[in-house]
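2 protein chains.
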Amino acid sequence: MIGVFDSGIGGLTVVKEIRNMLPEYDVVYFGDTARVPYGNKSPELIKKYALEDARFLLDKGAKLIVIACNSASAVAREYLREQLDVPVLGVIGPAVHAAKAATINGRIGVIGTRATVNSGIYQLVLKNLEQTVPQSTGSSDRSVPAFMRKGKRIQTSTPVMSIVAQAAPLLVPLVEEGYIHKPETKQLVRRYLQPLKQQQIDTLILGCTHYPILKEVIRAKAPKIKLIDPAQTLAAELELFIKDRRELDRSLSKRHELRLYVSDLTLQVNEIANLWLGKHVNVEEVQW
Amino acid sequence: MIGVFDSGIGGLTVVKEIRNMLPEYDVVYFGDTARVPYGNKSPELIKKYALEDARFLLDKGAKLIVIACNSASAVAREYLREQLDVPVLGVIGPAVHAAKAATINGRIGVIGTRATVNSGIYQLVLKNLEQTVPQSTGSSDRSVPAFMRKGKRIQTSTPVMSIVAQAAPLLVPLVEEGYIHKPETKQLVRRYLQPLKQQQIDTLILGCTHYPILKEVIRAKAPKIKLIDPAQTLAAELELFIKDRRELDRSLSKRHELRLYVSDLTLQVNEIANLWLGKHVNVEEVQW
Numbered sequence: 002m003i004g005v006f007d008s009g010i011g012g013l014t015v016v017k018e019i020r021n022m023l024p025e026y027d028v029v030y031f032g033d034t035a036r037v038p039y040g041n042k043s044p045e046l047i048k049k050y051a052l053e054d055a056r057f058l059l060d061k062g063a064k065l066i067v068i069a070c071n072s073a074s075a076v077a078r079e080y081l082r083e084q085l086d087v088p089v090l091g092v093i094g095p096a097v098h099a100a101k102a103a104t105i106n107g108r109i110g111v112i113g114t115r116a117t118v119n120s121g122i123y124q125l126v127l128k129n130l131e132q133t134v135p136q137s138t139g140s141s142d143r144s145v146p147a148f149m150r151k152g153k154r155i156q157t158s159t160p161v162m163s164i165v166a167q168a169a170p171l172l173v174p175l176v177e178e179g180y181i182h183k184p185e186t187k188q189l190v191r192r193y194l195q196p197l198k199q200q201q202i203d204t205l206i207l208g209c210t211h212y213p214i215l216k217e218v219i220r221a222k223a224p225k226i227k228l229i230d231p232a233q234t235l236a237a238e239l240e241l242f243i244k245d246r247r248e249l250d251r252s253l254s255k256r257h258e259l260r261l262y263v264s265d266l267t268l269q270v271n272e273i274a275n276l277w278l279g280k281h282v283n284v285e286e287v288q289w
Numbered sequence: 002m003i004g005v006f007d008s009g010i011g012g013l014t015v016v017k018e019i020r021n022m023l024p025e026y027d028v029v030y031f032g033d034t035a036r037v038p039y040g041n042k043s044p045e046l047i048k049k050y051a052l053e054d055a056r057f058l059l060d061k062g063a064k065l066i067v068i069a070c071n072s073a074s075a076v077a078r079e080y081l082r083e084q085l086d087v088p089v090l091g092v093i094g095p096a097v098h099a100a101k102a103a104t105i106n107g108r109i110g111v112i113g114t115r116a117t118v119n120s121g122i123y124q125l126v127l128k129n130l131e132q133t134v135p136q137s138t139g140s141s142d143r144s145v146p147a148f149m150r151k152g153k154r155i156q157t158s159t160p161v162m163s164i165v166a167q168a169a170p171l172l173v174p175l176v177e178e179g180y181i182h183k184p185e186t187k188q189l190v191r192r193y194l195q196p197l198k199q200q201q202i203d204t205l206i207l208g209c210t211h212y213p214i215l216k217e218v219i220r221a222k223a224p225k226i227k228l229i230d231p232a233q234t235l236a237a238e239l240e241l242f243i244k245d246r247r248e249l250d251r252s253l254s255k256r257h258e259l260r261l262y263v264s265d266l267t268l269q270v271n272e273i274a275n276l277w278l279g280k281h282v283n284v285e286e287v288q289w
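So the protein lines, in turn, are chains A and B.
Residue 2 is where the first sequence starts when you use this note's numbering, and the numbers rise one by one after that.
Residue 2 is where the second sequence starts when you use this note's numbering, and the numbers rise one by one after that.
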């Protein structure tokens, strides 16, 4: 099965996209609702929780781990890769890839939790991408000494890229309370977007599972900015990843099964699971 | 020592009041920052966490447990009393007592987390108080049959009491983000108070450790309503409770010591502890 975990139930948006993209593949989900949220906790604790979550999924038969939580992807993905023998995919790489392809002026914004923003991971991932992708034109032509290239107009298709990140922690509880189109939400969205707009971003990564639910509100406040939904870009990357690895693909069961587990089954969990994934979805509680 | 626990660090407001009221008594505090918040989790889980928190304090030498968290007081106080051999005090009883004494028209409001409001505990505590406190006047005079009392104007000093509770979950993250005087906060306070004002409450219990920090904002939106701060009323009740029990009092150490533990030591924890309790306060992390 494909294993997906999140700090809560926000990661069900990722499950939904995976089910759209890879409908036949079985998915097992774990939402750590007993310890939600992760975004305001320490990196050490998030790593510990992420490892426990992933191990639970492996016990349930996962052959591949998807971290649907941005905070856990930011802080714990490398750690899980070191600790586990299966592939571990996070939401950040695919989102940065997509943002890089979408931006025209090279200025990318991210909104996320405090843990995500403090990790500096988006900037790091971008830097690593920039270093591995070959430069396309003139400036990389080392046969011409720098002083001779001076003044020469260099055609370059890739602008200088930069990512500016903004913590937007209050949007999570607002979404969880269903305050989608309330004036308080609009005001906070405007407040959080302002420093990013001042930096003239043309592309914005919605770096927390809850934010895509505010897409319309964000679009209204920033109509010219392209929005990147990490749930969608992750699902697309996951498809490529699996199709590229025949052995892994063969190991994944394909009966369109979906198994959902949480560590605390509140009324809200069932409500949201049914709302997002359909009425006949069944969620089980596991005791740690 | 006096043991105090909370889901996070909000309960330090209770510690502060206890230190004001009983400065010589040693206090050990535990804030469960690794699993904060409790207010949106299930009653069963809150009970489990509360018992673990209390047992940690007993291990550290607590002879008396104070539940600083409203959600845990609401859901888990009776459970802890059954499970533990030491006295367990919560914030709800003293707050209802104080509200009952303060109200003139008998209409009391409460704002709290979803767990607190859903528990119905404030109404239950009020009902129990009403039943145990003797009625002061005519209507309790059983020597006169009811039909004879009919039509007679009865002088009564205690009005019919009622409590109306309103969940105000978004105020917690707003306080934690330091959004005290921001327009979004004022707007949400107005929104949450509106149904209570429609019920013509004259007294409001601030039923979550974070809310007293919004006292000024709340007062501005409801200038005629008396505000009850459960941290203060609990500290007053605690003093009476201890002074009434000589053996318990003797068992409590009195060196003005304060020991603070949390399950996740983030930067924010140290900051807030120093802000609320003074610069030389030291917080230790415990691993569960």
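Hints were generated in silico from the structure; no laboratory data involved.
One thing to keep in mind: the hints can contain errors.
[What the hints assert, rightly or not] Chain B is nowhere near these chain A residues, computed Cβ spacing over 12 angstroms in every case:
| # | residue |
| --- | --- |
| 1 | 160 |
| 2 | 253 |
| 3 | 267 |
[Unchecked claim] List of simulated lysine to any residue pairs, SDA-like, C-alpha gap at most 25 angstroms:
| # | chain 1 | residue 1 | chain 2 | residue 2 |
| --- | --- | --- | --- | --- |
| 4 | B | 17 | B | 108 |
| 5 | A | 183 | B | 223 |
| 6 | A | 49 | B | 183 |
| 7 | B | 216 | A | 180 |
| 8 | A | 49 | B | 87 |
| 9 | B | 216 | A | 167 |
| 10 | A | 49 | A | 25 |
| 11 | B | 222 | B | 179 |
| 12 | B | 187 | A | 167 |
| 13 | B | 48 | A | 272 |
| 14 | B | 183 | A | 186 |
Using N, Cα and C, we set each Cβ at its ideal position, and we do this for glycine too.
Hints, verified against the model:
no. : hint              : result
1   : 160               : 34 angstroms, holds
2   : 253               : 33 angstroms, holds
3   : 267               : 5 angstroms, violated
4   : 17(B) <-> 108(B)  : 29 angstroms, violated
5   : 183(A) <-> 223(B) : 22 angstroms, holds
6   : 49(A) <-> 183(B)  : 35 angstroms, violated
7   : 216(B) <-> 180(A) : 24 angstroms, holds
8   : 49(A) <-> 87(B)   : 33 angstroms, violated
9   : 216(B) <-> 167(A) : 29 angstroms, violated
10  : 49(A) <-> 25(A)   : 32 angstroms, violated
11  : 222(B) <-> 179(B) : 19 angstroms, holds
12  : 187(B) <-> 167(A) : 23 angstroms, holds
13  : 48(B) <-> 272(A)  : 23 angstroms, holds
14  : 183(B) <-> 186(A) : 13 angstroms, holds
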